[in-house]
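Each chain is listed here by its residues.
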Amino acid sequence: MQKINRNVVLALLSLTSLVFLLFQLCYYKFYLSQKNGAAFSKVRGSQSGQDSTRWHVVRKFLGLISSHNIPVYLIDPLILGLVDKDIEQIRSSPDGPSPECKYFCAPRDFTTFALLDKTWKHEVGLFRTAEKMGFQWLKIINKDPRLDGMDDLSGMEIPLHYIFKLASHAIHLVVFYERSGNFLWHGPLRLKQHMDRKFVPFRKLHFGRYPGAYEKPELLLVSIDDLKVQIPKNPSSFLQEMSHSRFLECRYREARAFFQLYPDDASLDAVEFRKKAKSLLHLAALTLNNLGVKFWLSSGTCLGWYRQCNVIPHSKDVDLGIFIRDYKADIIPAFQKAGLPLKHKFGKVEDSLELSFQGEDDVKLDIFFFYEEDDHIWNGGTQAKSGKKFKYLFPKFTLCWTEFVELKVHVPCETLQYVEANYGPEWKVPVKTWDWKSSPSNVQDNGVWPVDEWDDVIQIY
Amino acid sequence: MDEWKLNPAVKPHKKRSWYLAWKYKLMNQRALRKLCQTGAVLFLLVTVIVNIKLILDTRRAAYEEEEESAQDYDDEMLNVEVPRHPVNNKKVLDVEVYSSRSKVYVAVDGTTVLEDEAREQGRGIHVIVLNQATGHVMAKRVFDTYSPHEDEAMVLFLNMVARGRILIFTVKDEGSFHLKETAKNVLKSLGSQVAPFLSWRDMWTFVGKKGGEVYGEKHAKSPALSTWGDPVLLKTEVHLTSVEDAECHWPDTELNRRRKRFCSKVEGYGSVCSCKDPTPIEFNPDPLKDNKVFDVPVAVIAGNRPNYLYRMLRSLLSAQGVNPQMITVFIDGYYEEPMDVVELFGLSGIQHTPISIKNARVSQHYKASLTATFNLFPDAKFAVVLEEDLDISVDFFSFLSQSIHLLEEDESLYCISAWNDQGYEHTAEDPSLLYRVETMPGLGWVLRKSLYKDELEPKWPTPEKLWDWDMWMRMPEQRKGRECIIPDISRSYHFGIVGLNMNGYFHEAYFKKHKFNTVPNVQLKNVESLRKENYETEIHRLLGEAEVLDHSKNPCEDSFVPDTEGRVYVMFIKMEQEADFTTWTQLAKCLHIWDLDVRGNHKGLWRLFRKKNHFLVVGVPASPYSSKKPSLVTPIYMEPPAKEEGAVAVPAVAAAEQT
Numbered sequence: 001m002q003k004i005n006r007n008v009v010l011a012l013l014s015l016t017s018l019v020f021l022l023f024q025l026c027y028y029k030f031y032l033s034q035k036n037g038a039a040f041s042k043v044r045g046s047q048s049g050q051d052s053t054r055w056h057v058v059r060k061f062l063g064l065i066s067s068h069n070i071p072v073y074l075i076d077p078l079i080l081g082l083v084d085k086d087i088e089q090i091r092s093s094p095d096g097p098s099p100e101c102k103y104f105c106a107p108r109d110f111t112t113f114a115l116l117d118k119t120w121k122h123e124v125g126l127f128r129t130a131e132k133m134g135f136q137w138l139k140i141i142n143k144d145p146r147l148d149g150m151d152d153l154s155g156m157e158i159p160l161h162y163i164f165k166l167a168s169h170a171i172h173l174v175v176f177y178e179r180s181g182n183f184l185w186h187g188p189l190r191l192k193q194h195m196d197r198k199f200v201p202f203r204k205l206h207f208g209r210y211p212g213a214y215e216k217p218e219l220l221l222v223s224i225d226d227l228k229v230q231i232p233k234n235p236s237s238f239l240q241e242m243s244h245s246r247f248l249e250c251r252y253r254e255a256r257a258f259f260q261l262y263p264d265d266a267s268l269d270a271v272e273f274r275k276k277a278k279s280l281l282h283l284a285a286l287t288l289n290n291l292g293v294k295f296w297l298s299s300g301t302c303l304g305w306y307r308q309c310n311v312i313p314h315s316k317d318v319d320l321g322i323f324i325r326d327y328k329a330d331i332i333p334a335f336q337k338a339g340l341p342l343k344h345k346f347g348k349v350e351d352s353l354e355l356s357f358q359g360e361d362d363v364k365l366d367i368f369f370f371y372e373e374d375d376h377i378w379n380g381g382t383q384a385k386s387g388k389k390f391k392y393l394f395p396k397f398t399l400c401w402t403e404f405v406e407l408k409v410h411v412p413c414e415t416l417q418y419v420e421a422n423y424g425p426e427w428k429v430p431v432k433t434w435d436w437k438s439s440p441s442n443v444q445d446n447g448v449w450p451v452d453e454w455d456d457v458i459q460i461y
Numbered sequence: 001m002d003e004w005k006l007n008p009a010v011k012p013h014k015k016r017s018w019y020l021a022w023k024y025k026l027m028n029q030r031a032l033r034k035l036c037q038t039g040a041v042l043f044l045l046v047t048v049i050v051n052i053k054l055i056l057d058t059r060r061a062a063y064e065e066e067e068e069s070a071q072d073y074d075d076e077m078l079n080v081e082v083p084r085h086p087v088n089n090k091k092v093l094d095v096e097v098y099s100s101r102s103k104v105y106v107a108v109d110g111t112t113v114l115e116d117e118a119r120e121q122g123r124g125i126h127v128i129v130l131n132q133a134t135g136h137v138m139a140k141r142v143f144d145t146y147s148p149h150e151d152e153a154m155v156l157f158l159n160m161v162a163r164g165r166i167l168i169f170t171v172k173d174e175g176s177f178h179l180k181e182t183a184k185n186v187l188k189s190l191g192s193q194v195a196p197f198l199s200w201r202d203m204w205t206f207v208g209k210k211g212g213e214v215y216g217e218k219h220a221k222s223p224a225l226s227t228w229g230d231p232v233l234l235k236t237e238v239h240l241t242s243v244e245d246a247e248c249h250w251p252d253t254e255l256n257r258r259r260k261r262f263c264s265k266v267e268g269y270g271s272v273c274s275c276k277d278p279t280p281i282e283f284n285p286d287p288l289k290d291n292k293v294f295d296v297p298v299a300v301i302a303g304n305r306p307n308y309l310y311r312m313l314r315s316l317l318s319a320q321g322v323n324p325q326m327i328t329v330f331i332d333g334y335y336e337e338p339m340d341v342v343e344l345f346g347l348s349g350i351q352h353t354p355i356s357i358k359n360a361r362v363s364q365h366y367k368a369s370l371t372a373t374f375n376l377f378p379d380a381k382f383a384v385v386l387e388e389d390l391d392i393s394v395d396f397f398s399f400l401s402q403s404i405h406l407l408e409e410d411e412s413l414y415c416i417s418a419w420n421d422q423g424y425e426h427t428a429e430d431p432s433l434l435y436r437v438e439t440m441p442g443l444g445w446v447l448r449k450s451l452y453k454d455e456l457e458p459k460w461p462t463p464e465k466l467w468d469w470d471m472w473m474r475m476p477e478q479r480k481g482r483e484c485i486i487p488d489i490s491r492s493y494h495f496g497i498v499g500l501n502m503n504g505y506f507h508e509a510y511f512k513k514h515k516f517n518t519v520p521n522v523q524l525k526n527v528e529s530l531r532k533e534n535y536e537t538e539i540h541r542l543l544g545e546a547e548v549l550d551h552s553k554n555p556c557e558d559s560f561v562p563d564t565e566g567r568v569y570v571m572f573i574k575m576e577q578e579a580d581f582t583t584w585t586q587l588a589k590c591l592h593i594w595d596l597d598v599r600g601n602h603k604g605l606w607r608l609f610r611k612k613n614h615f616l617v618v619g620v621p622a623s624p625y626s627s628k629k630p631s632l633v634t635p636i637y638m639e640p641p642a643k644e645e646g647a648v649a650v651p652a653v654a655a656a657e658q659t
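Protein sequence lines correspond, in order, to chains X and V.
Note that the first sequence covers residues 1 to 461 in the numbering used here.
Note that the second sequence covers residues 1 to 659 in the numbering used here.
By construction, these hints were calculated from the structure, which means they are not laboratory data.
Fair warning: there could be bad hints in the mix.
Unchecked claim - Some, not all, of what chain X presents toward chain V, calculated at C-beta under 7 Å: (1) Leu10; (2) Ser180; (3) Phe258; (4) Ser267; (5) Val271.
As the list claims (entries may be wrong) - Lysine-lysine pairs mimicking BS3-like chemistry, simulated, CA-CA at most 25 Å apart: (6) X:Lys316 <-> V:Lys459; (7) X:Lys118 <-> X:Lys228; (8) X:Lys216 <-> X:Lys294; (9) X:Lys132 <-> V:Lys459; (10) V:Lys459 <-> X:Lys275; (11) V:Lys525 <-> V:Lys292; (12) X:Lys85 <-> X:Lys216; (13) V:Lys525 <-> X:Lys216; (14) X:Lys216 <-> X:Lys118; (15) V:Lys453 <-> X:Lys216; (16) X:Lys143 <-> X:Lys118; (17) V:Lys480 <-> X:Lys278; (18) V:Lys449 <-> X:Lys118; (19) V:Lys453 <-> X:Lys316; (20) V:Lys525 <-> X:Lys275; (21) V:Lys292 <-> X:Lys364; (22) X:Lys275 <-> V:Lys465; (23) X:Lys139 <-> V:Lys449; (24) V:Lys453 <-> X:Lys276; (25) V:Lys453 <-> X:Lys278; (26) V:Lys381 <-> X:Lys118; (27) V:Lys480 <-> X:Lys143; (28) V:Lys465 <-> X:Lys118; (29) X:Lys118 <-> X:Lys85.
As the list claims (entries may be wrong) - Covered by chain X, according to a simulated footprint, are these stretches of chain V (three or more residues, beta-carbon under 8 Å): (30) 120–132; (31) 368–382.
C-beta: ideal position from N, C-alpha, C; glycine also.
Make a model of the complete structure from these sequences and hints.
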């Protein structure tokens, strides 16, 4: 009896265990196909059914948009990455039939395309056709940032993203808008309350976590996997750009509040200074961009952007920051060639470098070079008459794009920390007298330049 | 064994027999067997526990992920409740209408939709149109039928209202004095018993359905000439129909869906909402060949005059070469009806919270609209600026396309305008002719982005300055000696009668007889001659060939200009210095052209047409063209009337009125 009992118990336990195992497997399968498509399809990556689904969905989508004459281009980082490896071959044989499905069958959840807003007319017909073809679609709209800076204008909300879903694959269509400063902008993807949060795994989207800024791409019509599609002419530089594309909108609402408190200076002098500062900044941006030197708005110019979305009229100069690793010896001649003579040069590349160029009528362009340490970033200052050195400390920061006086420029993404480091917690209050040696809250004495180096590290023209 | 055969892919038979042998061996050793059994039990238990834990973990992770997944993407304004209109299933509306000498009101289901007790205002017959299915107010008008011609406007309006709509009438103060037979008959045909006999200072209320039943009517006769009838209050019920009955059955297209939305909301737009054969809302005018202004944004500046906006947009969208995608309508204020009109035509509209008052409000609205236009179209080098009370000529864009390169290349230009201040029926003749003028006419013009961004925007008058934007733009500090290009025959027509700086008299006197081009595809002649230097050559050539008129005659007389056609004549007037316009103003007055300020001059020269002859007026000696005056000719001097009539105190600007 005992033996039978034992066997029964054993059998029962085995059964339960088996049931659990099965149940778990089912659950796992169900959960993964819902949420972790990529991981799961990687497991089954070799299965051609899944692969060709992606290709078919892309083909259907391309058919849909070409039937409505909507020019889209491929910006999917995964596919562009694959394309980039074979770019020479693809470029040289734009029409060649491809033996295997190499790109559009690659395992992924989405295929991302871009659409330039001004190239289509927002026809409703597109969505009707899409529905007829079996697509489910989702539209994400939001406020138009181009009107955000305007006092009290309320326009219609603009579409920022579309998602077309068919079977297990989805197409993410990112709408790009032209912004002042000659660049393209796409909005963040934010779901409204009533939207279906499970429509697609939104977290896996490559675009939409933040707004982004891009140069207008040159496009190339290619045929990959027997599908004709436009891609950025240089996929690798597009991918490069994409990784640093995060865009920060100016804080227009706060800027308005600031102007309520401290009305803007509308005097003729202020108007003139702003005009000069703007053109100086444009010239500086052009010069540095031509050299391929990354720069950002620093000090007073950055404060002006952050606090009031404009140039501070009493600031009297334009301040830029550059990482010392991006320093190029060509910078000085390039500026001189652009009509901006060197006014002074303090420090040296190894330590506390600072350049100052003379713009039109007393408006000065200051370029500070930033040195990166393990836990902070600093730039240096030098007092000409005493040879004293100063050090301005900043917490570590990364760079974001923004729009400022009709220009696409970098600012520190962690702007508040940056501004607070420089101007202290009272940065919101305008100060007209500013001593760069003592006023900044992040200034430190940094010794004195050895006298024999003075000729080199203190150059005044 | 059968069991295994079913699944041949598993283990070979050989292996199994080895396993059985091994098992048998073990079973013989009891202790070992027991150990194995216990081990198995333990192992199974552990499996079960691990399994349960795994399931729980996966589930929690999945749940968390779900929660999180969308979190980054949630809109910040999560907690804002979207106000939903309650679904109105009610079939009956309670309507209250009150008519009296000093106050009228209308309440629908307890909501006041009209209340007017202002003094000296709102006299006459108030009309409200309700949607017969929803009970929403679709139109609200007041016709001052105490004054002449207002009854005609009322008839026109009532004829435009679709059949089946609910009409509510109520009289404030007096509504019968100029209520003529035609109007009375229309009211009678709506079912009113009283209207034909409505008389002096009677009070009257009426609710009825157009082309259908009467829901109620009340009337109080005025006992004597000097007194008013007693106030009347009409309370009645109106039965709503179903939505299907209230709508037309147009074919289901994108356009008709827009039309439907529009027609179920507002009334008074006539055939656009007619069920049979409605007027088109898409025009598809011929495209322009080589259109240089296809990508130029068009800003339409609007206030709350939706009927004007409707007329304006129709003409704009019918102009050849129009690009609807580039049009943005800027509405000064949160008015619904203008926005409905914008949406009817499928255009984009932007509303602007009003800042400041009167002229300054208009000025701020202009600034916001221009800034927004260049923000929305950052690539644009120009913007076309239009107002809601303009008709746009069919060749408006063709005119701009042919001339815009001048604005791009010639630094001495301030704008291109479609409006010739002096282009009246009797003074404009040649649709292909262009002028350079020192004044900025506005009323349909092109603005250069660099001018706006670098010069105008930074010093635009602030809200506390009650300036007219166009007067400000005309000031020498802004204009800096630059000129505008205008056509001889205007490409826009100013039809607005109500407005901030506008009234019927003013419009009749200065705008009604303005010439407006209706010829499509006019080829402009000799556009290059409009460049700064070329224009001087052209003027000298003209003056060289011009015949000098007889200066002994009165220039105001018709006989001053001979009865010829196609000739060029010149006359010389006295103009002591650059700002001396005494004689010109008198001349303009008697020629019945714009005389409220000086317009249309170029270096002391005016160009217009008289009797189909080109007619040049040169101010001597201020004008550099004075040298062309034969020495024997004495420039004509006209004295201003001894006493200025105080009556003409109309502001000289008519560009941007708002009600």
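For each hint, the structure was consulted:
no., hint, in the structure
1, Leu10, "holds, 6 Å"
2, Ser180, "holds, 4 Å"
3, Phe258, "violated, 17 Å"
4, Ser267, "violated, 10 Å"
5, Val271, "holds, 4 Å"
6, X:Lys316 <-> V:Lys459, "holds, 19 Å"
7, X:Lys118 <-> X:Lys228, "holds, 22 Å"
8, X:Lys216 <-> X:Lys294, "holds, 18 Å"
9, X:Lys132 <-> V:Lys459, "violated, 54 Å"
10, V:Lys459 <-> X:Lys275, "holds, 11 Å"
11, V:Lys525 <-> V:Lys292, "holds, 17 Å"
12, X:Lys85 <-> X:Lys216, "holds, 23 Å"
13, V:Lys525 <-> X:Lys216, "violated, 39 Å"
14, X:Lys216 <-> X:Lys118, "holds, 13 Å"
15, V:Lys453 <-> X:Lys216, "holds, 23 Å"
16, X:Lys143 <-> X:Lys118, "holds, 17 Å"
17, V:Lys480 <-> X:Lys278, "holds, 22 Å"
18, V:Lys449 <-> X:Lys118, "holds, 19 Å"
19, V:Lys453 <-> X:Lys316, "holds, 21 Å"
20, V:Lys525 <-> X:Lys275, "violated, 39 Å"
21, V:Lys292 <-> X:Lys364, "violated, 40 Å"
22, X:Lys275 <-> V:Lys465, "holds, 23 Å"
23, X:Lys139 <-> V:Lys449, "violated, 33 Å"
24, V:Lys453 <-> X:Lys276, "holds, 13 Å"
25, V:Lys453 <-> X:Lys278, "holds, 11 Å"
26, V:Lys381 <-> X:Lys118, "holds, 16 Å"
27, V:Lys480 <-> X:Lys143, "violated, 39 Å"
28, V:Lys465 <-> X:Lys118, "violated, 37 Å"
29, X:Lys118 <-> X:Lys85, "violated, 32 Å"
30, 120–132, "violated (count 0)"
31, 368–382, "holds (count 9)"
Hints 3, 4, 9, 13, 20, 21, 23, 27, 28, 29 and 30 from the earlier list are contradicted by this structure; the remaining hints agree with it.
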